[in-house]
Every structure is written in structure tokens, then in C-alpha cells.
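Peer 1: As they're listed, the protein sequences go chains A and B.
Just so we're aligned, residue 3 is where the first sequence starts under my numbering, counting upward by one.
Just so we're aligned, residue 3 is where the second sequence starts under my numbering, counting upward by one.
For the record, the hints were derived by calculation from the structure and aren't laboratory data.
Do not rely on the hints blindly, as some may be mistaken.
The calculated lysine-lysine pairs, modelled on BS3-like cross-linking and capped at a C-alpha distance of 27 angstroms, are [claimed, not checked]:
| no. | chain 1 | residue 1 | chain 2 | residue 2 |
| --- | --- | --- | --- | --- |
| 1 | B | Lys22 | A | Lys64 |
| 2 | A | Lys59 | A | Lys43 |
| 3 | B | Lys22 | A | Lys22 |
| 4 | A | Lys59 | B | Lys22 |
| 5 | B | Lys59 | A | Lys22 |
| 6 | B | Lys64 | A | Lys22 |
| 7 | B | Lys64 | A | Lys64 |
A quick note: this is a predicted structure, and the numbers were derived from the prediction, not measured.
Number of protein chains: 2
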Amino acid sequence: MDTNGAIAWDVYADTCPTRKILDRIADKWTVLIVGRLSTSKQRFGELRREIHGISPKVLTQKLRELERDGIIVRRVYASVPPKVEYRLTPLGGTLIELLDAIRVWSETHIESILEAQQVFDSQARDGEGEED
Amino acid sequence: MDTNGAIAWDVYADTCPTRKILDRIADKWTVLIVGRLSTSKQRFGELRREIHGISPKVLTQKLRELERDGIIVRRVYASVPPKVEYRLTPLGGTLIELLDAIRVWSETHIESILEAQQVFDSQARDGEGEED
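Use the sequences and the hints to build the structure in full.
Peer 2: Here is the structure:
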């Protein structure tokens, strides 16, 4: 609480609920899922095909967490077989620009990063002790 | 490669090097470390104290990965005992605004998210089968 009685949320405090949300949002799967949902609703199988390397188990878990947070909505249509679609909520929509910027950053700076990695790997370094 | 011979980086492809970078940047510890380094250089112990809940092992690993990527620099001063400081590189500096926006989003929307979680948890739901 600050002096006005309002709660002072602080992601740097590990007991603050915002830390869990930071962990959910600052997550590669969240970036990729929200990215796919930013332009249209998607079925589970569509997401799984488009996000290479995600397992069905992890996708199910991520979708459920994002639904619980109010970031996406899961809608079931009473067809045979039942059709299930995911889409962003208005709250989820506020993440689009933010998370897309991270995708763009990764794709824009990858060459500088690969160069930096080569330089780093070519410089042998003595073992490092404890730091304080 | 696209038709111009340029490489078409794509974070949605799990074999693309950008996927690993996305994983490093879209990470709560990266958000918190870059946030601390955004205003001043920091010693290991300062980062450890200010980022509650991070273990020395994880902090060491994250700092080394970020150094290898060219996002931070580790400078050792020949004092007794040796002083080690971390600071952002110019490349790392391009992340500040981006990652701070994620921190701010988490702190801004936490109350809506906590409400959504309460609603979700109060709605019992039948077990869900496989989706496609």
C-alpha cells in the first residue's frame, strides 16, 4: 500500500501477484499465441500447426492459463463434432502491439546477436568465481 | 530465403534462430534484469538483491546468456577484491522501452486479471477432451 491506500504493485517483489502475470506475458508461447489470435479467431489444431514445436499438452495448458487470466475466450459451438474456437478478449487485444514488438525485435536484431555470439564463443575465458 | 535471396526470419518456425532469441527476450528474468540496467550499471549482488526470488545460479546463467547475445557487457575492474559490473550495450538499450511496456502492462492490468481468474475458478467445467 502507498500513502494513498492504493496498492503499489511491483513486479520486482516475488510475492506480488504481478510477478506471475509478468511470467505469463513475458513468455515465448504467449507471444506466438497472441500473435496468431491478433488477426482472427483460431481453432486448437490451427494454432498447433502454425506454432511449430509446441506440444499439444503445452498448448492446452497455455490456452487455459490465458483464458483464466481473461486474455482469451474459448467458445464451443454445438456442432457435430463440436467446434472450439479461441479469440482475444478486449483485454487480450491490448497486448497485441506490445508482444508483436518483441517478435519484430527478435527478427530485426537476430544478425547482430548471432555475430555477438560468435565473438563471445571465440573468446576463451577463465573460470569465474562467485560474484557479489 | 525469400525471392530476393534475403533470409526470411520467422519466429513461428522452431528451427529459426529467432525462436531462441524470442525465448530469451520474452522471459520474466530478462524483463527484470534489463529494467534494472536501464538506468545504471549494476553489480551482481545489487541485481540479486533487487530482483526478489532469483537464485544466484539462475542470475549467473541469465547474465551470461545476455552477455553472449551482445545485450549486456560484463566489465571486471582490477581492484582488490575485483569489482564486476554489468551494463546494457547499445543493442540492449533498444530493448528498454519494449520490455518496460510489459512490466507496466502487468502492473496496470493485474486487477482485471485477478477478477477474471476469480470468475474462471467459480465456473466449474466438465472435463475437456482432445481438440483439433
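Peer 1: Kindly indicate which numbered hints from before are broken by the structure, ordering the numbers from low to high.
Peer 2: none
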